[in-house]
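Trainee: Taking the hints into account, I'd like the entire structure generated from these sequences.
For the sequence shown, position 6 matches number 6 in the UniProt record's numbering, and the numbering has no gaps at all.
Check before you lean on any hint, since a few could be wrong.
As the list claims (entries may be wrong) - For each label pair, taking beta carbons as the anchor points, the in silico distance ranges come out as: (1) V7 - S86: 41 to 47 Å; (2) L11 - V44: 22 to 28 Å; (3) Y80 - I20: 15 to 21 Å; (4) P77 - K98: 39 to 45 Å; (5) V7 - I39: 40 to 46 Å; (6) T66 - E40: 18 to 24 Å; (7) N47 - G18: 18 to 24 Å; (8) E33 - D3: 45 to 51 Å; (9) S100 - E40: 17 to 23 Å; (10) N64 - I14: 36 to 42 Å; (11) R59 - L79: 23 to 29 Å; (12) I14 - K98: 24 to 30 Å; (13) L79 - S16: 23 to 29 Å; (14) D24 - G50: 15 to 21 Å.
Bear in mind the hints are in silico, worked out from the structure with no lab data behind them.
Every residue gets a Cβ at the ideal spot worked out from N, C-alpha and C, and that includes glycine.
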Amino acid sequence: MQDLILVVIFLAVIISVGLIFYHDSIIANKGTETTAVVIESRQVSSNSGGSINGDFLIRFLNENNTMEELRFRETLPQLYASQVQSGMNVKIKYLRSKKSVKASLVFKK
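Mentor: The structure is reproduced here in structure tokens:
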């Protein structure tokens with residue numbers, strides 16, 4: 001019984017990670033790129049790999065030419081953390097569905 005529970009937990013984690021990569025890929029390929037203003041930026045956690053998990057509140061001009069606010073979480077390399085502070089302009093890609101708006105920060109390398 002314990003083996004079955006471990007397998008189910010393992011599969012749930014794998015599926016969750018796969019969905020994150022899938023959604024990121026969809027935003028990257030089909031999203032609309034625009035400039036946003038960071039209203040609030042908060043580091044939620046960090047990991048030993050040099051990335052931070054941040055909570056961001058942004059404001060941007062959407063496809064209807066109206067200002068929209070959006071809160072989202074994203075993991076980004078520590079190197080870019082200084083570029084997403086309150087008051088700064090950032091590039092984002094966003095994708096609107098019937099239920100929600102998903103966004104991702106865009107950094108040029």
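Trainee: Is the gap between the beta carbons of R59 and L79 within 23 to 29 Å?
Mentor: With a Cβ separation near 24 Å, R59 and L79 satisfy 23 to 29 Å, so the hint holds.
Trainee: The hint says 40 to 46 Å between V7 and I39; measuring C-beta to C-beta, is that right?
Mentor: The hinted range 40 to 46 Å holds for V7 and I39, with Cβ atoms some 43 Å apart.
Trainee: Does the beta carbon distance between I14 and K98 stay inside 24 to 30 Å, or does it fall outside?
Mentor: Cβ of I14 to Cβ of K98: about 27 Å, so the range 24 to 30 Å holds.
Trainee: Against the range 18 to 24 Å, how does the distance between the Cβ atoms of T66 and E40 compare: consistent or not?
Mentor: holds (20 Å)
Trainee: Can you let me know if the beta-carbon spacing of N47 and G18 is within 18 to 24 Å?
Mentor: Hint holds: Cβ distance 19 Å, inside 18 to 24 Å.
Trainee: Honestly, do V7 and S86 meet the 41 to 47 Å range at C-beta?
Mentor: holds (44 Å)
Trainee: In this structure, is the beta-carbon distance linking S100 and E40 contained in 17 to 23 Å?
Mentor: Hint holds: Cβ distance 19 Å, inside 17 to 23 Å.
Trainee: Between P77 and K98, is the Cβ distance one that fits in 39 to 45 Å?
Mentor: Between P77 and K98, where Cβ atoms are some 32 Å apart, the hint is violated.
Trainee: Does the beta carbon distance between Y80 and I20 stay inside 15 to 21 Å, or does it fall outside?
Mentor: Roughly 18 Å apart at Cβ, these two residues keep to the hinted range, so it holds.
Trainee: Taking the Cβ atom of D24 and the Cβ atom of G50, is their distance within the range 15 to 21 Å?
Mentor: holds (19 Å)
Trainee: Do the beta carbons of N64 and I14 sit within 36 to 42 Å of each other?
Mentor: Once the Cβ atoms are compared, 38 Å apart, the range 36 to 42 Å for I14 and N64 holds.
Trainee: I want to verify a distance hint. Is the separation of the beta carbons of E33 and D3 within 45 to 51 Å?
Mentor: holds (47 Å)
Hint compliance for this structure: hint 4 alone is broken.
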